[in-house]
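Participant: Sequence:
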Amino acid sequence: MPTLTFIPFAPSPIASTRGLTSPQMADPKEKFFRHFQAEITLIQDEIDSLATTSPVGGERQTGIDKVLAGISRLSNETMDATDFIPSYDQRAYSQAIKALTEKLNTTTGKLGPKSRFQFKSRNTGAAAAQSQAVPDPRLHRPWGSDGSQDADDSSKKITDIETRDAVGTLPLFSGGKNYNEELSRSNAAGGVRKPSFSTAKNIAISDHRGLHIMLPSTASRATSSGSLTNLDRCIVDMTIPTSAGAPFAGLALKNIKRSLIVAGHVAGPAHITGIEDSVVVVAARQVRMHDCRNVRVYLHCTSHPIIEDCSQMAFAPLPAFYANEATAAEMNQWDKVDDFKWLKDTASPNWSVLEEESRLANDVWENTVCGKAGMSTDDILRELRIVT
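Read in order, the letters of the sequence shown correspond to residues 1 to 388 in full-length UniProt numbering.
The reader is advised that the hints may include incorrect statements.
Taking lysine-lysine pairs in the PhoX-like style, the calculated list, with each CA pair at most 20 Å apart, reads [what the hints assert, rightly or not]:
#, residue 1, residue 2
1, LYS103, LYS66
2, LYS110, LYS66
3, LYS66, LYS177
4, LYS344, LYS29
5, LYS110, LYS98
6, LYS344, LYS372
7, LYS372, LYS341
8, LYS254, LYS29
9, LYS66, LYS29
10, LYS194, LYS66
Listed next, with one range per pair, are the computed distances between beta-carbon atoms [what the hints assert, rightly or not]:
#, residue 1, residue 2, range
11, SER311, PHE84, 47 to 57 Å
12, GLY274, GLU356, 25 to 35 Å
13, ASP378, GLU182, 15 to 25 Å
14, ALA326, SER196, 40 to 50 Å
15, LEU111, LYS344, 18 to 28 Å
16, ALA361, TYR88, 50 to 60 Å
17, ASN362, THR106, 44 to 54 Å
18, SER196, GLN312, 28 to 38 Å
19, ASN362, ASP27, 17 to 27 Å
20, ALA323, GLU182, 45 to 55 Å
21, ARG221, ARG382, 13 to 23 Å
22, GLU357, GLY109, 31 to 41 Å
23, GLU181, GLN61, 12 to 22 Å
24, PHE84, ARG359, 46 to 56 Å
What the hints contain is simulated information worked out from the structure, not anything from laboratory work. Built from N, CA and C at the ideal position, the CB exists for glycine as well.
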């Protein structure tokens with residue numbers, strides 16, 4: 001199958017490796033263009049290789065999963081870049097992602113009948129939906145317009161999709177549970193909540209106050225994607241299901257205040273928006289933060305973390321307690337932060353390195369955060385200097 005072409009504006013050399021190019025490149029549009037070209041070329045190659053990948057032992061399925069995660073990542077990254085990409089270029093990027101989706105559909109359709117990864121029309125009837133497996137949730141719906149719409153419509157669709165995909169509620173299906181409702185009912189019981197998420201396709205926790213939530217190992221089957229939304233004075237620890245070979249494909253944190261979020265491990269991007277007066281612990285391939293204030297970030301990131309419209313941000317490396325073999329083998333660029341709203345040669349005033357004496361000790365992560373006997377959620381947040 002011929003390689004797709006994508007040149008939305010003046011062509012630039014394609015980056016040789018995944019991730020953003022040199023931080024000295026001042027123009028964010030040019031930086032993103034190079035990154036997008038490198039990513040889309042790599043994903044096309046991965047799709048082309050599916051035909052020659054053996055289906056025995058799940059090898060082909062693993063390849064499909066990797067492509068799905070890659071398209072999802074690229075879609076999320078493009079949505080994040082809409083603030084500095086012109087409308088015409090937004091449309092060109094969306095068409096390229098749509099073409100990738102169609103190429104994957106065509107390829108998987110040739111590999112076998114009724115592949116559960118074939119993207120279905122949104123108008124598919126209920127009977128058809130029950131007779132065929134549900135598409136993998138790791139891939140967001142095809143991004144952008146069909147080419148007949150103008151640039152304004154394309155830009156509006158970008159906003160609509162970002163709203164829908166970033167913080168969607170937990171989907172229910174036959175025999176499933178509403179875990180958010182279950183958490184709300186148990187709010188008066190106190191103690192640490194451990195929702196199993198054993199019947200869920202993804203993890204979505206939203207609209208809670210004053211809860212201490214720790215996900216057990218049974219939640220590892222639901223790590224295709226994760227989102228935490230609208231939390232206040234909460235502790236959420238997702239380490240266990242994401243550390244033992246089941247990291248999130250992508251993660252979204254949005255509208256969280258005065259909370260501790262131990263997000264665990266993310267194979268793709270972590271999108272963090274509207275976080276205030278909180279502590280976030282995460283290991284991810286990419287981290288993008290928007291509209292955040294007074295956040296301490298304990299981070300393992302294999303690319304340059306990106307902040308935009310943020311202030312009073314402090315970064316530290318991932319605590320040893322949360323490290324694993326994967327993080328030990330990778331370069332951690334936790335302190336190579338790119339501020340997209342500070343393109344001057346001088347250091348950004350919006351972030352700093354958290355001094356070692358201000359970092360939480362390992363015994364705090366190991367004992368206090370995991371739920372020390374006799375300590376309430378507020379007690380733990382006070383010990384971590386999140387609330388007073």
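Participant: Of the hints stated earlier, which fail here?
Facilitator: Violated hints (numbers, rising): 3, 6, 7, 8, 9, 10, 11, 14, 15, 19, 20, 21, 22, 23 and 24; every other hint is consistent with the structure.
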